[in-house]
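Asks: Residue numbers (UniProt numbering), protein chains in the order written: chain A, 1 to 653; chain B, 1 to 96; chain C, 1 to 195; chain D, 1 to 267.
Honestly, the hints are just simulated from the structure, not real lab data. Among the clues, some could well be false.
[Unchecked claim] Cross-link-like lysine-lysine pairs, in silico, DSSO-like; alpha carbons within 27 Å at most:
1) A/LYS221 / A/LYS574
2) D/LYS52 / A/LYS574
3) A/LYS533 / A/LYS457
4) A/LYS574 / A/LYS533
5) A/LYS221 / B/LYS62
6) D/LYS226 / D/LYS208
Note that this is a predicted model, so its numbers are computed, not measured.
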Amino acid sequence: MTENVSLLFGRLGPDALPFYSWVAFSGALVTLAGGLGFLILVTWLGQWRALWTGWLTSVDHKRIGIMYIVLALIMLVRGFVDAIMMRLQQAMALNSDGYLPPEHFEQIFSSHGTIMIFFMAMPFMTGLLNYIIPLQIGSRDVAFPVLNAISFWLTAAGAGLMLISLVIGRFSTAGWTGYPPYSGVEFTPGVGVDYWIWSILISGVGTTMTGINFIVTILRKRAPGMLLMRMPMFTWTGLCSSVLIIFAFPALTVSTVMLALDRTLGMHFFTNDSGGNMMNYMNLFWIWGHPEVYILVLPAFGIFSEVVATFSSKRLFGYPSLVYATTVIAILSFTVWLHHFFTMGAGANVNAIFGIATMVIAVPTGVKVFDWLFTMFRGRIRFEPPMKFTIGFMCLFVIGGMSGVLLAIPPINYSTHNTTFLVAHFHNMIIPGVLFGYLAGYMYWFPKAFGFQLDRKWGSRSFWFWLVGFLLAFMPLYALGLMGMPRRMETYGNPEWQPLLIVAFIGACLILLGIVSLVMQLWVSIKQRDALKDTTGDPWDGRTLEWSIPSPPPVWNFDSVPVVTARDAFHESKITGVVLSVAPEEEPLLIPRNSTVGPIIGAAGFCVGFGAVWFIWWLMFAGLALAIAAIIGRSFFDDTEVEVFPGEGAESI
Amino acid sequence: MREMRTILTGFALAVILTVLPFVAVIGQWLPREGTLWLIAITAVVQITVHLYFFLGVEITGKHRERLSSLLFACVLIFIMVGGTLWVMGNLYWRMM
Amino acid sequence: MIAASDKVEEQIDEETEFGFWLYLMSDAVLFSLLFGTFAVMSSNLAGGPGGSALFDMKNLATQTALLLVSSLTIALAHHAAHTGHLARTLGWLVVTCLLGAGFLGLEIKELSGFVAQDAGPGRSGYLSAFFTLVGTHGLHVTAGLIWAMTLIAQFLIKGIGLRMTSRLYRLTLFWHFLDIVWIGVFSLVYLPEFL
Amino acid sequence: MKQVVTGPIAEAENALMWQAFSLMLVVVVPVILLTLFVAWRYRAAGGQGAYKPDWDRSRIIEITVWGIPIVMIGILATWVWDRTHALDPYKQLPGAEPLRIEAIALDWKWLFIYPDLNIATVNQVAFPVEQPLSFRITSEVAMNSFMIPALGGQIYAMAGMETQLNLQANEIGAMQGRNMQFSGDGFSDQTFEALSMSQIDFEAWVNKVRSGDSALDQASFAELSKPSIDAPIAYFSTVPQDFFSRRVAHFMGMEHEHAGHSDGGDK
Ligand code: HEA
Ligand code: HEA
Ligand code: CUA
Ligand SMILES: [Cu+2]
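Next comes chain A alone, as it looks inside the complex:
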């Protein structure tokens, strides 16, 4: 390593500041202004104490869930700005440099992919799981509330590293996949790739703990009578996602840690020389990467299942099939990773077997689509915004699935791999599949969390903008891919591509309107929250337990633990008139106390990451020591619970 590494500041020096391009500089300014603005606002409102005790140190799964979603929202702003900048660049850059220098464009697609997957989609999903699953299974909390807070804060620490890279230093240019040897020191010295590695590593630890937490929660904390085959679909998909998490994330940890070892300690896992083998990185990365896309999409499938049953006012069709299909998808997702590198040069047997394994996933996925279709069949469909997103999803997702199956056929993949055809495929899965799902879930459960409904008109507008915007932004990419346009292009010389790229840019602008509509929806609804108030706790005529309690739910969720006798437990009780939960218990309930361990470990995680990125070793070890001290300290502390009395007007969200 030729860099100067000082003891105190590592390789951090004044040249880390973003004065190298006006785009980067303004990005940094906006980030800083956003952070400062927030601090000032809280101070001005005098809300520090409320924020600290009510949220930051809270271990209530509902508050943690909301914090996850807020984090996702903050990150999505960044992710979307990146996306629209890329679209603008490509719309302009025919035979010219556009407005972005290559190095900046590279940082943008890398940060867009990283943010969207790790810091937008993952937190959004975890937030929904957090808020809803304990309510759906009739539990007072998750199995390990403090661990849950730690998970959140580690995710936030990763996101913080990601954001700070905009202000201090640069971000990776190696894409969200960080393929070596390009991502090695030989080709990309500097801190960019290190930022990428440490931000996803630290949040990955948090994610793994979330996975463990939810498996135990779902398997151990269900209300009496809630057999596995009576669990709501969202809970089922949450369970499968959690299982995928704990078994897939080690592969991400291993591949990125080895990359970090190559970069910082000069090892030779993936280098060109000295016996490195970069192919193993791709292998390990995708052992995680493929299950990851199902980690994201399975909960979305769960949301669609809830939404489609509720708004068709009908039982979910083929529930057992849906459960089996979900588990089959989860297991198969571990058997297909090679389809991301068919063009590496493996033999025909290897490629064909992985190709066929990949296509087999279309079977259970198809079953799901059909089951949703037959749930609508013979129903009474109410076109509330969540339902619109669901129908939009069903129509668009099958198209993306079809392009996925095409990519899974190795000879076709040879000519479409690394083209925008692939970009179109995965946005076609992720936007209608993952994002529409989460948005549907957000609009569906919002009244539960806040006690008032979201404005319907703006919700529908948002849907239409998203739908049309998505079609315009990504259908052209299929065509461009077939014309041979590679992904990650900063400039190009083919005039035939430009019209389609301009269409794609317009599509991204429409998506922007979709996001603006979302903001408007929130704004309008907050202003009219009295008119939109949900007094029943059950605004949609819901079927599952979360609708049986008031909106917003009390801290302890259920006054007394409900007894479940059928699949759609709440719906059943509405018909039979049998009350789910008897009178509030006499005994006081024990609720976990707030804990500062979460924020402390989050801060420690940030220090570890920042120290490792900049070679500020003392900071890294201080962070590590702080984390260990916090855990040990906490284990000496027994008084972790407080009493509450249901029925008394304790404060709730």
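Model the placement of chains B, C and D with the ligands on the given structure of chain A, informed by the hints.
Replies: Just chains B, C and D with the ligands now, kept in the frame of chain A:
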């Protein structure tokens, strides 16, 4: 919980299963292939011994979930590691 | 402090044990992938020394023996705690710590010896994989030691109770798990090199 | 550059694409139409369909919804097995003896070596029409992916390793080939000209390359290895024996060193 007897039996078995491969390697009294097989077999048996006697993995009883999650993990490990060796071996063979 | 009823306590412990077991499964996948990577890189010597030139049988046998005996002593510690013998629990825990520290000491000596012979982790792909696999195991053992010492302190402060026994039980699981990983290490990484 | 040229590989890959696409449309189009139709027919506000809130299972439907995808995937799977073997990029194309070309990815350009003709070129590759081509591909730098979209196929190029690709052009014309795998600042411009020409033109082209006076040797290769964006076409009239293989072996070499210093063909 675990009886003293269980602990001691487990330990005795573990000692035997450790000493065996070491002695075989030091003594070299088997052909190379044979020793490798012996190492592999004693390792697998010893892992099972540890799981059963020390880690409370049992077929029935209150820790049944341990066995099922372990088996699931084994299947996935087999897929991941077996797949890795297969794929990387194939690539190596095609590129060298 | 409100004394939670034993039944609730036991249920919480059971959940924690299950959660911890899941963590071990996740860690098992991590180690398996390290083993897989080691296998992939085992011939990438890049002209550097291989295991047969580096490894020392006496060292390996001592390390293995220390770890093996420590798996007995920690089981005994848990047995003692379970049957309510505080002093014996502490004694066995201390012995376990000593054995573990001995193991670590030998490992550090061995690895730093390699580095001194210009056979450090940056020498070749093979050595990178070797150091990372063995080092990860060593880090786990270190964590186990810190954990064990914390428990010793807690036993001294809090005495033996359901909760403490359950904590010790989790450490026991962790320790045995590391022993299993070590079986993999000496069988796959070390022993074949002596043939 | 117009990509009008095609070859047997591109044609076969395209044909397979449309074949698979059409088969899937048979299911996908009905799914989309049915979704819209059912949504409309069973709408709460004025829909026509019967309302059966407790209807949630049907043996026949279950069998159909598992059955249809299984059958489709069954058909597709046989195609995959067959076509993947037939279109294995390593498989030599039938017909005349293939022209051997070796391609080395550099930052950010392509070096082509004709081992049998003993010439080399930068960012331009020419070949006779209708003659099978056999590429051996490697990289000196980050991972690249070699592709001439008009001819189909794509394969990675990695340092210390050799991959192969067999192609053929059926028409005369000029195409663009490129690196498809992101590899740094010059990636967007890392293209090369691929010319398919008549046998006579090809011979003339070879003579043109030979008539130059620059040889590919350590010095010129070191010069070439320096990163450059949008490098001009260049010709080398002679190439050392086994240049390509030695570049591959170089990375697997015994010496403990970092790549980047370029000693064209040591060891
Ligand atoms: C979750 C994943 C995700 C999502 C949502 C998106 C969304 C979008 N993406 Fe992205 N994209 C990726 C994942 C994603 N992308 C990845 C992994 C890559 C590859 C990177 C690489 O090459 O390494 C990529 C690459 C990529 C490229 C580079 C293509 C290339 O290589 O040439 C482009 C180009 O324009 C692009 C565009 C867009 C656009 C316009 C959107 C927009 O349509 C969508 C904008 C979406 C949002 C802003 C999120 C909206 C969320 C909400 C509205 C939540 C609201 C919540 C509440 C109200 C509670 N994407
Ligand atoms: C949520 C995200 C998500 C989902 C669900 C999927 C689902 C699928 N994906 Fe996708 N994929 C990604 C996200 C996703 N993917 C991402 C992010 C990448 C690229 C990352 C990168 O390189 O940056 C990628 C890349 C990718 C590749 C690699 C391409 C390449 O790099 O060259 C392949 C190849 O096989 C593939 C295939 C598939 C298939 C077959 C499915 C199947 O699961 C789809 C199944 C669904 C259906 C088929 C539709 C419904 C079915 C029916 C209606 C039944 C009838 C139909 C048939 C029988 C066909 N995907
Ligand atoms: Cu592939 Cu060496
Ligand atoms: Cu995939």
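Asks: For every hint, state whether the structure bears it out.
Replies: Status of each hint after checking the structure:
Distance hint between A/LYS221 and A/LYS574 is fulfilled; the C-alpha atoms sit about 24 Å from each other, no more than 27 Å. Between D/LYS52 and A/LYS574 the alpha-carbon distance is near 17 Å, which keeps this suggested pair within the 27 Å criterion. With a CA separation close to 16 Å, the supplied pair A/LYS533 and A/LYS457 stays within the 27 Å bound. Proposed proximity of A/LYS574 and A/LYS533 is supported: the alpha carbons are some 21 Å apart, at most 27 Å.
Annotation: proposed proximity of A/LYS221 to B/LYS62 holds, straight-line Cα distance about 17 Å (limit 27 Å). Between D/LYS226 and D/LYS208 the alpha-carbon distance is near 26 Å, which keeps this suggested pair within the 27 Å criterion.
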